[in-house]
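Asks: Below, each chain spelled out in residue letters.
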Amino acid sequence: MALQSLDIKARSATTTPSPQARGAIPVAKLIDISKCIGCKACQVACMEWNDLRDEIGSNVGIYDNPRDLSDQSWTVMRFSEVEVQQGRLEWLIRKDGCMHCADPGCLKACPAPGAIVKYANGIVDFHEENCIGCGYCLTGCPFDIPRFSKKDRKAYKCTLCSDRVAVGLEPACVKICPTGAIVFGSKEDMIHHAEGRIADLKERGYANAALYDPQGVGGTHVMYVLQHGDQPELYAKLPKDPSVSPLVSLWKGVAKPLMSLGIGLAVFAGFFHFVSAGPKEVEEEEERS
Amino acid sequence: MQVTRRQFFRICAAGVGGSSLAALGFAPGEALAEVRAFKLARATETRNTCPYCSVGCGLLMYSLGDKAKNAHTEIIHIEGDPDHPVNRGTLCPKGAGLLDFVHSPNRLKRPEYRAPGSKEWTPISWDEAFTRIARLMKDDRDRNFIATNEKGETVNRWVSTGMLAASASSNETGYLTHKIARSLGMLAFDNQARV
Amino acid sequence: MTNHWVDIKNTDLVLIMGGNAAEAHPCGFKWVTEAKAHRKARLIVVDPRFTRSAAVSDFYTPIRAGSDIAFLGGVIHYLLSHDRIHHEYVKHYTDMSFLVKDDFGFEDGIFSGYNPEKRSYDKSSWGYQIGADGYVVTDPTLQHPRCVYQMMKAHYSRYTPDMVSSICGTPKEDFLKVCAMIAETSASNKTMTIMYALGWTQHSQGSQMIRTGAMVQLLLGNIGVAGGGMNALRGHSNIQGLTDLGLLSNLLPGYMTLPGDAEQDYAAYIAKRAFKPLRPGQLSYWSNYGKFHVSTMKAWYGDAATAENNWAYDWLPKLDKGYDILQVFENMNQGKVNGYVCQGFNPLSSAPCKVKVSGSLAKLKFLVTIDPLATETSEFWQNHGEYNDVDPAKIQTEVFRLPSTCFAEEDGSLVSSSRVLQWHWKAAEPPGDARSDQEIMAGIFLKLRELYQKEGGAFPDPILNLTWKYKQPHFPSPEELAKEFSGKALKDVTDPKDPAKVLVKAGEQLNGFAELRDDGSTACGCWIFSGAWTEKGNLMARRDNSDPFGIGQTLNWAFAWPANRRVLYNRASCDPSGKPYDPSRKLIAWDAATGKWGGSDIPDFKPDSAPEDGMSPFIMNPEGVARFFAVDKMAEGPFPEHYEPLESPLAVNLLHPKNDKARANPAARVFKGDWETFGKADKFPYVCTTYRLTEHFHFWTKHVRLNAIVQPEQFVEIGEELAKDKGIKAGDHVRVKSNRGFIVAVAVVTKRVRTLDVGGRKVHTVGVPIHWGFTGVAKNGYITNTLTPFVGDANTQTPEFKSFLVDLEKV
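Residue numbers (our numbering), protein chains in the order written: chain F, 1 to 289; chain W, 1 to 195; chain Y, 1 to 811.
If we strip away everything but chain F, and leave its shape as in the complex, we get (with noise of 0.2 Å):
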C-alpha cells in the first residue's frame, strides 16, 4: 500500500476515492531566479539521485546542456539574455522541470489507471509500470514537462524525489543547491519565504517582482520567484498563464459520459493499437490547440 505519508489524493484513471482522514501538509519547491547562478548542480544530482545518466551530447552554440528534458533529464537549466533595460544586460536562468500542478493535466489525461497520482501533500508522480506510452500525459501538460523513454517508451518526469520527501528529507535539488536559489517545505512556509524575496527584490530596483504560482492550473507545488514577475515569458518562455489543454478537459467532461453510454468495438481498437504500438506523433496544430 502507499505510504501513510503519501497518501493519494488523486490516481488517473481510477474512481476508487482517496483517503482523506489523515491531515497532510502541502508542500512546495520555491525556486528563486534571482538567486540562481545557473551552475546546474541541480541537474547533476537528480541525475545521480534517481539513477539516470542523459547522452554526452554536443555544444550547438549556447550553455544549455542538455537541450532539453529527456528521459534522463528531469530539470534542465534554460538560459536567456535579454535586456529589459536598454543597455542593462541580464542573463535570467530557469531551472525547468515539472510544476507539480495542483490540477495536474498529466493526471487529468492518463488513462493508465496508476501510471499517474498526486499525493496529499502535492507531489505528482509517474509509477512508470503502469505507464502505457500513450502519450496524454504529454498533451495534458501545460508546461511541455513529460518525456518518452526511447527504451521503454514510457514517460518520465521530476518525482519532487518523492522517496526522500517520503522519510522526511529534501529532494535532491532543493539540497544540493549551492546558493539557497531552490528551497523546499510547506507551501505555506514558501510562499512567505518567496514575500521576504520579492520585498529584497523590490527594494534593488525589480518594481515588477513577484510570485510565480500560475492559478490556471490551480496554483503548483514549484513555483517561481521572477525579477519580472509581469513577464514570464522572458524565462525561456515560461507560459504566462498556463491553463490544462483544452482536450483534457474535454476528456474530463465530455468521454466519461461517452464512456458511460458505452461505446463501439472500432474504439476498442484504437486503445489497443495505443498499448501495443504507442503513440502516433501528434500533428504540431493540433499539439497547440
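Take the hints with a grain of salt, since some may be wrong.
Unchecked claim - Straight line, CA to CA, 20 Å or less: simulated SDA-like cross-link-like pairs of lysine to any residue:
1. K321/Y <-> E153/W
2. K751/Y <-> D732/Y
3. K394/Y <-> W121/W
Unchecked claim - Computed list of chain W residues with no C-beta within reach of chain F, every gap over 12 Å:
4. D66
5. K67
6. H77
7. N87
8. C92
9. K109
10. E112
11. G117
12. W121
13. T122
14. D127
15. D142
16. N144
17. T148
18. T154
19. N156
Since the hints were derived computationally from the structure, they do not count as laboratory data.
Quick reminder that beta carbons are idealized off the backbone N, C-alpha and C, glycines included.
Put chains W and Y on the given structure of chain F with help from the hints.
Replies: This is chains W and Y only, laid out in the frame that chain F set:
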C-alpha cells in the same frame, strides 16, 4: 475551445481505455502506487571533504554494506554534509557528480610502463616500478648532484630531476613528499599554486 | 583568505574582480547570497565577461583583461582625492606616515634602480628612512613630501577616471559608480570584501594587481574586520595546504625560505629572516624564525640535527636562482633535466605553451606520473590525432604511470581557502591495485635509501638520516604524519618566565607554535600547523559547528591556522583604544578587567598587550603596520603601476606612451627564444582570456560522466559584434590561433562578451574555457594551453593565462 475530429477520436479512445482496463480486471486497487524505496536506509555513512576546489565542502558518502568482514564496500551515493558550517549540505555540480569520479572508467587500476619509443603501455608490478624508478633517480642524482658551486660554496642541490606535487593531495602526503624531496636536495619542485 | 567563507555573510559590499566565485566556488558564493539576503549587501562584478557571478550581481561593468591595476589605481585616486578613507585606521595601522628614502624615484613608468639588460631592479633605494635609533622616521602629520601618503597620492594622481576608462575600456560613468559604492565602506560601520582568484594571479603583473586591491581595502579600513579582507579563493582542495607546507621551489614549511648560495653562514641566514622591529614596541613575530626553523629540522632529521652541525643547515639545498615550473620546463627544453615526477599534476594541460611543454617532456629520460586518472601528461608520447599529433617512435622517454587512491579511499586533512584544516575519512577500497600517495612516496624513497645504504653515492647523509619512525615503514599513516607536522616535545618544554614550570613533557604533542624552541627540544614539521594534533587529539577532526556569537566563527569546527584564528589581523577591527569599530560585528576587544583580548575569535595579537602599549595589529611585519609602500618586497616596484600584458592590443602603455620599456612589466622574466613566440596585434588582434566553467574542475571532470553530460564539448565565447564581423553564428566551429598554435572549438556567440572602447579603438575579447583534452569521457578537445604565452608574473612566475593575443576564423 476547438477540438479536431482526430483529437476527439483519441479522447474517446483513451477514455474507454482507462475504464476498460478496470473492466478487464485491472482493478485500481491492484495498480498500486508507491514511492520508490529509499535507497540509503541502511547504507554506511562516511564523512569526507570535497577534493575539488578549496571551499572545503563536507560530504556524506554512502556505501553498500555495513562494513562486516564479508561485505565489500561500494560507494553508491554522495551528498553534502548538512552539519558542515560552510556548505551546510549543499554542493556544486562538480561535488554533486563525485560518484562518477570515484567510479570513472578512466580510474587507473595497476602500474604501467611505457618503454622508450613504444606506442603502448605494458603492465608492471609495484616492486618492479619502485626498483626501476629508484635506480633511474639514483643514477641521475649521483651523476649530477652539485655539492659546491663554482665559488666553492656548499650548495648540495640536485636540479636535473624535478617534481610537481599534487595540491589536491592531503597535508600528510604533502608533508611526506616535501620531506623526501628536500632530503634528496631537490629544488625543481613546485605544486599547482604556481599556475 | 584573510577572512573565511562563512564570514562573507557579514559584509556590506562584495567586489568580485579577478575571479568568478559563483562559477568556480559556488558553495562559498552562497555566503554572498546570504549577505545580500540578510544584510542587504550589494554585489559588484568587474570582469571581461558577464559571468554567472555577474548574473546575480547588483552592478556589473566590463574591463579589458589585464588592465586591473589601472582600474584599482583609479579607485585609489578616487578615494584619496575625495578623501573617502578611514583616517584613524590608516594613520595608526598603516605606513602612511613613514618617510621614504630620498633616492627612491619613479620616472615615466620606471622606478629607480632599473637595469634593462637584466630586466630587474637594484632595490636599494626602495626603503624607508631609518633614524639613528634604528627605527623608521615618520611624520604623523602626513605633510612631509616624502611620506608614504603624499607619495602615494602623487603616484596615483595620474589614474584619472578618463585614463582608467581609456585603458580598461570600462565606461567612465560605470567606473565612477563603482568608486562611489566602494567609498561608502570607508565608514567604520561599513565594510567590503574583495573576492579574487586566478583572474588576478595569472598575469605578468598579477601580484601587483592583488596588492592594489589590498591597498584599496587598507585605505577603507577593511582589513582585519568581519566581513572584510582580501579573500583569495584558492583553486585546488589543498593548494592552500601545499603552499603552507612549502611545496614550492624556494620554500620550507610555514613560509620559511630556503637559503641562497651566498648564505653560507647559518646564524646570518636566521638573522636575515628573524626581523627586528622597525618601530618601537612592535612584536615582529618573525623574530621567532629560529624556533620554527630548528623545529622543522628536528622533525626531518631528528638526532642527526644538532647544534654542532647548525641543525643540519648544510643538508638543505641552496638556491642559485628560482626553480619554478616555467624555469624547470625551460631547463628541460634545454636538455638539462633528465627525470620528472608528476604527482597529481598534469602539466601538459596546465602549463603554458603546449608545444614547448610537450617538446620538453620528450627530452626527459624518465617521467613518473602518480594519479588516480589517466592524464594527458602520462600519455604525452601517444598519438591522439589532431589533439596530440606526436610520433611515439621518436620519443625516448621512459614513462611510469602509478595509480593512486582518490579522496574517498584515504584518511587525511586538507586546508580550505579559509585556512581550516579538515580531516576526512576513508569510505572504500581503491580500484584494482591503486595505492595511496604516501605508500607510493614511501615505496620510492625506501628503495632509494636502500640503494644508498648498499652502494653509497652522492651526499647520502640527508637521505640516510631522514626520520622514518613510522610503525609500518612502507605505509606512513596519516595519523603519524599529522602528529609529526603538528609537533611534539623532545625534551620537557618549560615556561621561559618560570623554568621550574613544565609546559609540555618530553614525548607529548605540543599545544601550538608558542611552545617551539630553537634549542632542539621541540620537533615540528610545519610551525603554522602546530596545535592541529595535541594531547587532546586530532583537532582537525572536530565537528562542533556551534556559533555562539552568530557571526559564523565556529571555533570548534576543525582547526584553522594560525592558532585556530579565523580572521587574520583581527586586532585591526578595534580602534587604537581596543574598542570594536563596529560592535555589531565584534571579533575581539580589549578587556581591561582581565587584561586580555578576547571575543568571538582568537586574537591575532599578543593576547595581553594593552592598547596603551602601542603595539600595532600587523604583527608579522617588523613595522607592526600594513605597508602601502612595499619596500623591496616586490619585483617591479613599491607602488603598483599599470603595465600592459606581454601581448597587448595596445602598442604603448597609455600612461607612458613614449617609453617602450614601461609598456609591459619591466621586471617580467622572458626566456631567450620566447620573445619570438609572442604575437603582435597586427596579426593577432583579439584579447584572449582563459578560464574555468562551473560545470567542470580543471582537467578532472572530463573523466566524470555526470559533468560531461552537463557541459560536453569544448567551446569559445565571442561577442555579437565580432561574430558579425567574421560571419560566425552560434554553433559554428571556429579556429582560435595564437603565435604558438591553434585550437578548434564551437562558437558561443553572446551579448555577455562586449566589445570595448580602449583608447579610442575597438577591442574584442575571445573567451576560452580550459577543461578539455584528449583523455576523458567528455568529447575530446584541444588543450587550451596550446595558445598561452610562456611568461609569468615577475614575483611568482604564475603564467599569463588571462590576457594574450589571438586571431579567430570560421572553420
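Asks: Confirm or reject each hint.
Replies: Here's how the hints hold up against the structure:
1. K321/Y <-> E153/W: With Cα atoms ~15 Å apart, K321/Y and E153/W stay inside 20 Å; holds.
2. K751/Y <-> D732/Y: Since the Cα atoms of K751/Y and D732/Y sit roughly 17 Å apart, the hinted pair holds (cutoff 20 Å).
3. K394/Y <-> W121/W: Holds, at about 16 Å.
4. D66: 19 Å, holds
5. K67: With a cut-off of 12 Å, K67/W remains clear of chain F, as the shortest Cβ separation is near 22 Å.
6. H77: Per Cβ check, H77/W is inside 12 Å of chain F; nearest 7 Å; violated.
7. N87: 8 Å, violated
8. C92: Violated, because the least Cβ-Cβ distance between C92/W and chain F comes to about 5 Å, which does not exceed 12 Å.
9. K109: Since the minimum Cβ distance to chain F is about 22 Å, K109/W lies beyond 12 Å and the statement holds.
10. E112: 26 Å, holds
11. G117: 34 Å, holds
12. W121: Given a closest Cβ separation of 25 Å, the condition holds.
13. T122: T122/W clear of chain F: closest Cβ-Cβ about 30 Å, beyond 12 Å.
14. D127: At about 38 Å from chain F, D127/W clears the 12 Å cut-off, so the statement holds.
15. D142: D142/W clear of chain F: closest Cβ-Cβ about 49 Å, beyond 12 Å.
16. N144: 46 Å, holds
17. T148: 55 Å, holds
18. T154: 53 Å, holds
19. N156: 48 Å, holds
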